[in-house]
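Q: Each chain, written out:
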Amino acid sequence: MAITGGQAIICALEAEGVELVFGYPGGAILPVFDSLRESSKIHYVLVRQEQAAAHAASGYARATGRVGVCMATSGPGATNLITGIATAYMDSIPLVAITGQVAVDLIGRDAFQEVDITGATEPFSKHNYLVKNVNDIPRVIKEAFHIASTGRPGPVLIDIPKDVALSSINFKYPDTVDLKGYKPNYEGHPLQIKKVVKAIKESKKPLICVGGGAILSDAAQEILELAEKVNVPVAMTLMGIGGFPGSHPLNLGLLGIYGTQAANTAVNEADLLLLLGARMGDRATGNLDKFAKKAIIAHIDIDPAEIGKNVEVDIPIVGDLKGIVKEINKLNADKKESNWAEELMAKDRLPAQYVEGKGLDPKEIIQELSKMSNNDMIVATDVGQHQMWTSQYYKVEKPGTFITSGGLGTMGYGLPAAIGAKMSDTEREVLLITGDGSFQMNLTELATAAQENLKMKIILFNNSSLGMVRELQQQSFESRYFSVHMTGNPDFSKIAEAYGLKSIRVTDKKDIKNALKEILESKDGILGEFFINLDVNVVPYREGI
Amino acid sequence: MKHTLAVLVENHAGVLSKVSGLFSRRGFNIDSLAVGITEDPKISRMTIVVDGDEYIVEQVSKQLNKLIDVIKVQDIKEDSVVRELALIKVNATSEIRSEITEIVNIFRAKVVDISKNTMTIEISGDSTKVAAIQNMLQPFGIQEMVRTGAIAIDRGSK
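Order-wise, the sequence lines are chains G and H.
Just so you know, UniProt numbering puts 328 at position 328 of the first sequence, and the rest follows in order with no gaps.
Just so you know, UniProt numbering puts 65 at position 65 of the second sequence, and the rest follows in order with no gaps.
It is worth saying that the hints were derived from the structure and are not from the lab.
Derived lysine-lysine pairs resembling DSSO-like cross-links, with alpha carbons at most 30 Å apart:
1. H:Lys42 with G:Lys172
2. H:Lys77 with G:Lys180
3. G:Lys194 with H:Lys72
4. G:Lys294 with G:Lys330
If we strip away everything but chain H, and leave its shape as in the complex, we get (with noise of 0.2 Å):
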């Protein structure tokens, strides 16, 4: 089973390592994590995404509240807003090019490099979403890939 953490940590040195350092040494499997800073810029946030039933999450969440450095540890909810930002770079010669805007267009993705060979991608969704255009690239001839972990964030006012 999945879960999303949000975690806002201290924005200096180090923190990162500290986070991650603490998954590997306790044995928890990290999915994905994404850092960057809130709207203080003390304050960054990592989402990470942990694969683990509810004994895991909560040692994980346990854990991660005893670094000094963590100032909050949040279980995001199934429901909220996640997403993930990939590049993919596909064959595209000049005649399949129609093909590949049309599925673009279908998954709302942005064509934002093109060259003679190929065009380049750029899609965000939650992770089905990526993997399913990925499979749509795929008999294409996909180059290069790159994904970024998940963020999220919970939906309403709270």
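If we strip away everything but chain G, and leave its shape as in the complex, we get (with noise of 0.2 Å):
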């Protein structure tokens, strides 16, 4: 039977298992929302503006492991959602996003909305389509979703004409893909596998760091094992966080600028580093001509191009972290006896001190936090000082529920990425940190929450400036603050009211663990606004980076 290739979309989105579609619509995009309209099987998610409904599915997409979907129209609408697709690329999240075009005899005449969205994406998405001819949207749309989810994750586009997904289509869905250029490699060379089994083997300061591709391939169970059956200990990157238990003991926490005095020393002492599925890039590795000089390094990465990409590597290793890891604990049983895991341990890791002053700490309000939430509960953070705060002190235990914007640092991120989380499942309790910069660039998103229901639970840390911009200028220009000053700032109870969410203001330091247990105990979405001390810096420790 003929149906639209709007319909056809939505069909075929359907039979990928899509159940959550964010987006936003407009002119060109509507063929394919009139189909939509018509779906009993995808719930549709209507953001206010285009970039959350990116960051939205991508937040779903972490918490899930699954496809996050979003939607827009053509020009300013396809335009809005660069940012999420972007975001979502560094971090390698699986999206597909689709977006409407003007009809082809339109493109190339500048018609009205219309911008060359392909083009646009091309350098930040793993892949993208301009769908001219209405018979090739099945196909596409396999493909998308089996280029966004495989081998290293990352966002698709799909770019459809108006008059393409007007017109008739015999629908038949494929079952499988041939992409000729498309063959991810999983399994991991058996003698490069040897040969890191062998460096374990042969040194006395193995270190384990862990990347977001812990996450991604699913492997913190096997990390864990190696980590325990040899006694090493484990570093991570801001995207790995969650792939080792937080409150682990070989867990040295975050290495890079922002990270501790153990990890770093650790990175700088090791006779043999271990990357697994991390990319290393400036944040974490700081100095690259000081990075691990007396180690040897074995990198394993599912995408060859970031092996030797960044750091120089001596056993490299291409495939699936989860199945080489795996085979690795198969090899190697013989427990360090070094004491060396210990000392790393022993070290003071985030050595900073509190800075007196007007104000909370927020360091001991995300350490209280750390104690009181439970290990289900998904975080999600804005970027900044309360992301980097977050990242230090809150132990995350589970891989999956932590979601944070990494390698692109794109604030705003946090409040639809929450949302996305919490639409993956209602029932779970999803918390967002965030600092009243990052808030205000997203914070109409509420209105997405309120419009589905969602209980959103939401830690604003005040200190009314762009907190880590103003650390940027005191230690790089003088202290010469510029633009850092927020003094325009709403009253953000009024806002969460006007929401429809609870508000509690902290300003005492006595308060603190009551509010956080009115937060994370409340049955309603709240908003905790705790007033923090502006002079608590971020870094703690950089001797060696």
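From these two lone chains plus the hints, build me the complex, please.
A: Given below as structure tokens:
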């Protein structure tokens, strides 16, 4: 039976098992929306700006491990998605973004709301399509989901001209894909695996560095087994948080420029460094000339282009982390008796001191929160000081329970991503930790949460400043503060009230615990605003980086 | 150090921009780029000459391989067959035509157009050969010159 291109898209999404679509309508995408309206299997979430649709889809993907789907119209709708697509690309998050486009015969004529979105997203999408023939729709959607979710995951964009969505097609969804140029390698080379095992046996000071690949490949259990069996301490990149239990005695915490003394000392002193699904960005390595100079470096990653890109590698292994660590575990059983791990763990991890001043200590708040919260709760953050404090002091125990924008560092990510995570399972506890700067970038999404009747929990650190930028100006520009004072901030409790959330304001140290308890136990949506000390910085320890 | 890469890609719209965009984005320098279809009309072959050390060439190959539309990247060896094509329009009045024809014969080039005051020479060969005839014709006054990028193929049966 012939159906329209728009109906074909929805049928294809249903065939992929899509249960949620985040989007925003507009002229060119209307034929698709008209079919989406009829779907009984797909729940549609209307956001307040397209960027949030991409972030919400990304939050959903991180919480579930499934492909997140977002939809927008042509032109500004598509360009608003861009930040979300780039955010997902940097953190290897599986996303399918569908955009409307002007009719095929208008393309290239600067038509109303026309923009070359495949051209624009080419540098930061895993792949993209402009579908000019309605008969390509089933194949393209099948390929898009396959590409987004396999190998190293990432965002794929599909641009659909309006007339293509209105044309008719005899719909048949393919079972398989045939992509000559895309065959990710999952099996690690057995000889290379043996080399790693030999290196582990010969090392006296081995160190594991866990990256986001550990979560994407569901390898946390295998990594835990390896670390415990051989007694290897574990450092983490920002994206690796959750890939190894936060409170485990072998966990040294975050490495790099915002990392712990224990993790960074370990990198400097290690004689073997196992990089597990980590792309070794500049925030994690610091000065590359000084990075892990004493170590043999083994790098396991599914993306061959990551190996040797930033850090010179002695033992490269391309493949799926989970399977490879499983193989390593089979081959190696001897436990290290050295006291290397214990020495590291004895180090004061984050020696930064509280600076006297007006306002609460943000670190104390996060530490208290970490003690009080349960392991299943998802914590999403925005970007800035609060994000680093959370990654330093909040103990994340399980993969997929920490959602943050790592590579791109996208302020405004937190609220929509938290909404996406919450939408994946509305029974699940989701807590957003944000700052007054980040929160204002996308706070209109409180309306999306209200429309979906989500009981959002938000901790807002208010220092009426862009704290991280201020910190950088303090350190690198002799405290010449400029463009960091948020003096026009609204009364956030009124904002909360306007969107139907309860709110509490905390200014006194002795109220911290009770406030956190109230937030965690609240059955309603709630915003807890903590007025923090502006003079507390993030940077704990930089020696050797 | 120059490397020649043969890149097999899907023959459809947008692939050239994906490949060339990758070069500028990652800061790689392209010396030349030539594209055409292969024995299989669904597949195009790009011959890309890159200037860079081993690290650069490895990065270029890996990043190219990441593109979904790229089917295969092959590093062409130095002893392979490499050809460029050039068309050179040179000043040639009747008095000096024979002198130019002599140069053309020595290089096994061809005269493909002639007018009262000019001759157009077609030459194919590797870049040194093209440069050599260009040098020889320079004194007569080159009005216009056009060169394709290099195309290359490995020797022997593989």
